[in-house]
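Colleague: What follows is the residue order along each chain.
Protein chains: 2
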Amino acid sequence: MGERISTLRVSALKSSCQQCSLSNLCLPLAVSDNEIDRLEDIVQQGRAIDRGKHVFRQHDPFRSCFAVRSGAVKTYIISDNGEEQITGFYLPGEIIGLDSMGPDGYSCSAKTLERSSFCEIPFAKMEELSQRLPSLQHHFFQLMSQEIKNSQNLSILLSKNSAEERIATLLLSLSSRFSRRRLSATQLILPMPRHDIANYLGLAVETVSRVMTRFQRQGLLESHGREVTLKDIPALQSISHQGQCQKG
Amino acid sequence: MGERISTLRVSALKSSCQQCSLSNLCLPLAVSDNEIDRLEDIVQQGRAIDRGKHVFRQHDPFRSCFAVRSGAVKTYIISDNGEEQITGFYLPGEIIGLDSMGPDGYSCSAKTLERSSFCEIPFAKMEELSQRLPSLQHHFFQLMSQEIKNSQNLSILLSKNSAEERIATLLLSLSSRFSRRRLSATQLILPMPRHDIANYLGLAVETVSRVMTRFQRQGLLESHGREVTLKDIPALQSISHQGQCQKG
DNA sequence: CGAATCTTTGATGCCGTTCAACAGCTGTGG
DNA sequence: CCACAGCTGTTGAACGGCATCAAAGATTCG
Numbered sequence: 001m002g003e004r005i006s007t008l009r010v011s012a013l014k015s016s017c018q019q020c021s022l023s024n025l026c027l028p029l030a031v032s033d034n035e036i037d038r039l040e041d042i043v044q045q046g047r048a049i050d051r052g053k054h055v056f057r058q059h060d061p062f063r064s065c066f067a068v069r070s071g072a073v074k075t076y077i078i079s080d081n082g083e084e085q086i087t088g089f090y091l092p093g094e095i096i097g098l099d100s101m102g103p104d105g106y107s108c109s110a111k112t113l114e115r116s117s118f119c120e121i122p123f124a125k126m127e128e129l130s131q132r133l134p135s136l137q138h139h140f141f142q143l144m145s146q147e148i149k150n151s152q153n154l155s156i157l158l159s160k161n162s163a164e165e166r167i168a169t170l171l172l173s174l175s176s177r178f179s180r181r182r183l184s185a186t187q188l189i190l191p192m193p194r195h196d197i198a199n200y201l202g203l204a205v206e207t208v209s210r211v212m213t214r215f216q217r218q219g220l221l222e223s224h225g226r227e228v229t230l231k232d233i234p235a236l237q238s239i240s241h242q243g244q245c246q247k248g
Numbered sequence: 001m002g003e004r005i006s007t008l009r010v011s012a013l014k015s016s017c018q019q020c021s022l023s024n025l026c027l028p029l030a031v032s033d034n035e036i037d038r039l040e041d042i043v044q045q046g047r048a049i050d051r052g053k054h055v056f057r058q059h060d061p062f063r064s065c066f067a068v069r070s071g072a073v074k075t076y077i078i079s080d081n082g083e084e085q086i087t088g089f090y091l092p093g094e095i096i097g098l099d100s101m102g103p104d105g106y107s108c109s110a111k112t113l114e115r116s117s118f119c120e121i122p123f124a125k126m127e128e129l130s131q132r133l134p135s136l137q138h139h140f141f142q143l144m145s146q147e148i149k150n151s152q153n154l155s156i157l158l159s160k161n162s163a164e165e166r167i168a169t170l171l172l173s174l175s176s177r178f179s180r181r182r183l184s185a186t187q188l189i190l191p192m193p194r195h196d197i198a199n200y201l202g203l204a205v206e207t208v209s210r211v212m213t214r215f216q217r218q219g220l221l222e223s224h225g226r227e228v229t230l231k232d233i234p235a236l237q238s239i240s241h242q243g244q245c246q247k248g
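The listed protein sequences correspond, in order, to chains C and F.
Residue 1 is where the first sequence starts when you use UniProt numbering, and the numbers rise one by one after that.
Residue 1 is where the second sequence starts when you use UniProt numbering, and the numbers rise one by one after that.
No wet-lab data here; the hints were simulated from the structure.
Warning: the hint list may mix true and false statements.
The list cannot tell twin chains apart, which means a pair is met if one copy fits it or any two copies do.
Claimed, not checked - List of simulated lysine to any residue pairs, SDA-like, C-alpha gap at most 25 angstroms:
1) Lys53 with Gly93
2) Lys160 with Ala204
3) Lys160 with His54
4) Lys125 with His138
5) Lys111 with Val205
6) Lys160 with Ser135
7) Lys53 with Asn153
8) Lys111 with Tyr76
9) Lys111 with Lys160
10) Lys125 with Ser109
11) Lys53 with Ser109
12) Lys160 with His59
13) Lys160 with Gly52
14) Lys160 with Ser109
15) Lys160 with Gly82
Owing to the predicted nature of the structure, the values given are computational and were not obtained by experimental measurement.
Turn these sequences into a full structure, and let the hints guide you.
Modeller: Now the structure itself:
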């Protein structure tokens, strides 16, 4: 198999998946050190980019997936009238671009919600390496399968659940994703404005605001702008689940 | 794992992807005849099963994906209260089970909407063969990526669009999927009852019925139970897309 | 300070749900 | 043959959750 990139160049860019604190989220491979080395050879760690910048744009030629290293990202689709339809929020350890492996370029745009950094995973090289590392291939199948599941759960949330259920579910999802990174599960700083929450959940901004206020009056949480403290997670879970369906 | 089927048996069961009229939908591989042969060795063509039977059940151990050969399937998740939440409809040439490659078994149940037959694609063998056939691996990445996209589009449909927009979109989706199979794009026989359409689109059955009636009064279609004739596809497209334009 | 963005609160009305009834079709069994 | 039950699809009336419109506070930043 003709490797065309000089080992020296690649080594200079080489990141360190082994030492990365997110490796158990992003690429929890049951592979040998030798195999991790080869993975690191293709993954390129980029510099941080400012809030509000694009990681990639819809219809750009698809070349890479990106693992979020720090910060937060929203992905969205632009409709005919130029409005955005947010399809997901991504936190450190999560991967964007898995929906863009078709022939039509990136299927959505990705924009940072705060200053963020990424690990770039060139798709062609990932495919090639997957030919030699069955566990890498297996991992990507699992990642993509999970992404389908997540999106299906979102569809169900949006089609069957009330505004309160949607918001409680999102807060709990963020909470659990923060805590996976050893951050507080109760003291959240939301990386996105209310407007984005509303867009993502198919609600009006006013409704999001009202529900948050209601939750606060009921003692379920305290909210000061982007700072949210969950005070009664069991109650929120009960609200979230009374619209049924199990979450990942 | 114990191989229980002799090579001879497999050959006997062996399907014929090359001759299958759906092969351009299901596995449009740019592979040599020799490679197709190896694919056919792992794909097992099953007998038809009756309407209302399960192809697999949620939480069953995941072993295979299934390509629909004939008939139609709905996939759904069972919620805490025992109600089903339909996540998708699948027609011949489409593949179910792509969302179930995680460690927790099938993530949904799949039930036939009419008498249907399938090609079974054992996951372990597919993974193994993908190690040797880059184009097969690439194809599955694309298939799964498309499945993510489909589910995201559904999320947007459900979160932002009115009942009329949702129903017009579903009818047009079915129409285009029928016509890909060289069936009429205008004379549809819906494989699913109104109840399932409503469930899938997050609407009440009554709303589906009313909207269909309204479409009929406007001359956009004619509907007699499951038989639907689309009379004005451009108008339906305009309704379907106006969710991406402005509401008025 | 003032401009822009973000967040909250209030008043009004629409769309779709809910409850209820009915009609068509199929199969079953006396 | 008819009576009956079950499933499917249609239609009507009234309620309610959430969007919409409007506007004022809160926060950030040049």
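Colleague: At 25 angstroms max between alpha carbons, let me know whether lysine 111 reaches lysine 160 within a copy, between copies, both or neither.
Modeller: between (29 angstroms within a copy, 21 angstroms between copies)
Colleague: Give the relationship of lysine 111 and valine 205 under a CA distance limit of 25 angstroms: within one copy only, between copies only, both, or neither.
Modeller: Intra 20 angstroms, inter 39 angstroms, cutoff 25 angstroms: intra-copy only.
Colleague: With identical chains, the pair lysine 125 and serine 109 could be close in the same copy or across copies; at 25 angstroms between alpha carbons, which is it: within, between, both, or neither?
Modeller: Classified as within: same-chain Cα gap 22 angstroms, cross-chain 35 angstroms, threshold 25 angstroms.
Colleague: Could you figure out if lysine 111 and tyrosine 76 sit no more than 25 angstroms apart (CA to CA) within one copy, between two copies, both or neither?
Modeller: Within one copy only: 8 angstroms inside a chain, 33 angstroms across chains, cut-off 25 angstroms.
Colleague: Within, between, both or neither: how does the pair lysine 160, glycine 82 come out at a Cα-Cα threshold of 25 angstroms?
Modeller: Between. Shortest inter-copy distance 14 angstroms satisfies the 25 angstroms Cα cut-off; intra-copy 27 angstroms does not.
Colleague: Is it within a copy, between copies, both, or neither that the alpha carbon of lysine 53 lies no farther than 25 angstroms from that of glycine 93?
Modeller: Answer is within: at 19 angstroms inside a copy they meet the 25 angstroms cutoff, but 40 angstroms across does not.
Colleague: 25 angstroms Cα cut-off: does lysine 125 pair with histidine 138 within a copy, between copies, both or neither?
Modeller: Classified as both: same-chain Cα gap 16 angstroms, cross-chain 12 angstroms, threshold 25 angstroms.
Colleague: 25 angstroms Cα cut-off: does lysine 160 pair with glycine 52 within a copy, between copies, both or neither?
Modeller: between (32 angstroms within a copy, 24 angstroms between copies)
Colleague: Is the C-alpha distance from lysine 160 to serine 135 at most 25 angstroms within one copy, between copies, in both cases, or in neither?
Modeller: neither (37 angstroms within a copy, 39 angstroms between copies)
Colleague: Within, between, both or neither: how does the pair lysine 160, histidine 54 come out at a Cα-Cα threshold of 25 angstroms?
Modeller: between (32 angstroms within a copy, 24 angstroms between copies)
Colleague: 25 angstroms Cα cut-off: does lysine 160 pair with alanine 204 within a copy, between copies, both or neither?
Modeller: both (17 angstroms within a copy, 10 angstroms between copies)
Colleague: With 25 angstroms as the alpha-carbon cut-off, assign the pair lysine 160 and histidine 59 to within, between, both or neither.
Modeller: Cα proximity of lysine 160 and histidine 59: across copies only (22 angstroms, versus 31 angstroms in one copy).
Hint compliance for this structure: hint 6 is the single one not met.
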